[in-house]
Structures are given as C-alpha cells and as structure tokens.
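Engineer: Could you put together the complete structure from these sequences and hints?
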Amino acid sequence: MNLGLVELNIIIAAIVVFLGLYAVITRKNLIKILIGLEIMMKGVTYNFIVNQNAMSEGIVILIIAFEVIVTALALAIIINVYKHRGTLDAGKIRHLRG
Numbered sequence: 024m025n026l027g028l029v030e031l032n033i034i035i036a037a038i039v040v041f042l043g044l045y046a047v048i049t050r051k052n053l054i055k056i057l058i059g060l061e062i063m064m065k066g067v068t069y070n071f072i073v074n075q076n077a078m079s080e081g082i083v084i085l086i087i088a089f090e091v092i093v094t095a096l097a098l099a100i101i102i103n104v105y106k107h108r109g110t111l112d113a114g115k116i117r118h119l120r121g
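Going by the working numbering, the sequence shown opens with residue 24, and the numbers climb by one from there.
Any given hint could turn out to be false.
In silico DSBU-like links for lysine-lysine, alpha-carbon gap of 30 angstroms or less [to be verified]: (1) 65 to 55; (2) 65 to 51; (3) 115 to 51.
What follows is a set of in silico ranges between Cβ atoms, one per label pair, in the way DEER data are often shown [what the hints assert, rightly or not]: (4) 105 to 42: 24 to 30 angstroms; (5) 85 to 117: 30 to 36 angstroms; (6) 88 to 112: 26 to 32 angstroms; (7) 49 to 77: 35 to 41 angstroms; (8) 101 to 72: 16 to 22 angstroms.
Calculated from the structure, these hints are not laboratory results. C-beta: ideal position from N, C-alpha, C; glycine also.
Structural biologist: Take a look at the structure:
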C-alpha cells in the first residue's frame with residue numbers, strides 16, 4: 024500500500040481529531056475536556072494547513088481566531104463554575120439549582 028503525502032496528512036489529522044475526541048469523552052475534569060476540544064481543533068487546522076488551496080490560509084486564520092474566542096469564553100465559564108460549585112468535575116455539576 025503506497026500512500027501519498029496528501030492521504031498521509033489526512034490520516035494524521037484524523038488521528039489527532041480522534042485523540043481529542045477520546046479526551047473529551049473519557050475525562051470528567053472541565054479543563055481536560057477543554058484541552059481535548061483544543062486538540063480536536065488543532066487536527067482540523069492541520070488538515071486545512073496541509074491542503075494546498077488558496078482559501079486555506081484565510082480559513083486557518085478564522086479557525087485560530089475562533090479557537091481563541093471559544094477558549095477564553097470556556098475558561099471564563101469554568102472559573103465561574105469553580106467559584107460557585109467548588110469543583111471542576113463534570114459529573115458533579117450536572118444538577119442545576121433553581
């Protein structure tokens with residue numbers, strides 16, 4: 024089986040995305056879940072970087088800007104949850120107070 028460079032890069036990007044998905048599914052700590060989401064986005068970004076399309080550069084810049092915004096908002100929410108609940112365990116904060 025002879026894989027070309029494009030196919031190899033797509034496989035690498037898919038592996039990175041699935042590693043991030045595994046981290047999101049198996050972890051209970053909110054920070055670790057956020058890191059898993061970031062790993063998934065890095066796999067998507069890598070896939071666009073290795074794609075040699077003219078629009079790839081613009082899409083990568085938009086993805087990076089989106090990642091920064093989502094990460095900042097998620098960290099703000101996580102800090103607020105920790106202040107109010109005293110834990111970062113996703114299983115313990117599922118119950119909402121009225």
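Engineer: If a hint holds in the structure, say so; if it does not, say that too.
Structural biologist: Evaluated hints:
1. 65 to 55: Roughly 15 angstroms between the alpha carbons, so the hint for residue 65 and residue 55 holds.
2. 65 to 51: The hint holds at about 21 angstroms.
3. 115 to 51: Since the Cα atoms of residue 115 and residue 51 sit roughly 9 angstroms apart, the hinted pair holds (cutoff 30 angstroms).
4. 105 to 42: 24 to 30 angstroms: 26 angstroms, holds
5. 85 to 117: 30 to 36 angstroms: 33 angstroms, holds
6. 88 to 112: 26 to 32 angstroms: 31 angstroms, holds
7. 49 to 77: 35 to 41 angstroms: Since residue 49 and residue 77 have Cβ atoms about 38 angstroms apart, the given range 35 to 41 angstroms holds.
8. 101 to 72: 16 to 22 angstroms: 28 angstroms, violated
In this structure, the one hint that does not hold is number 8.
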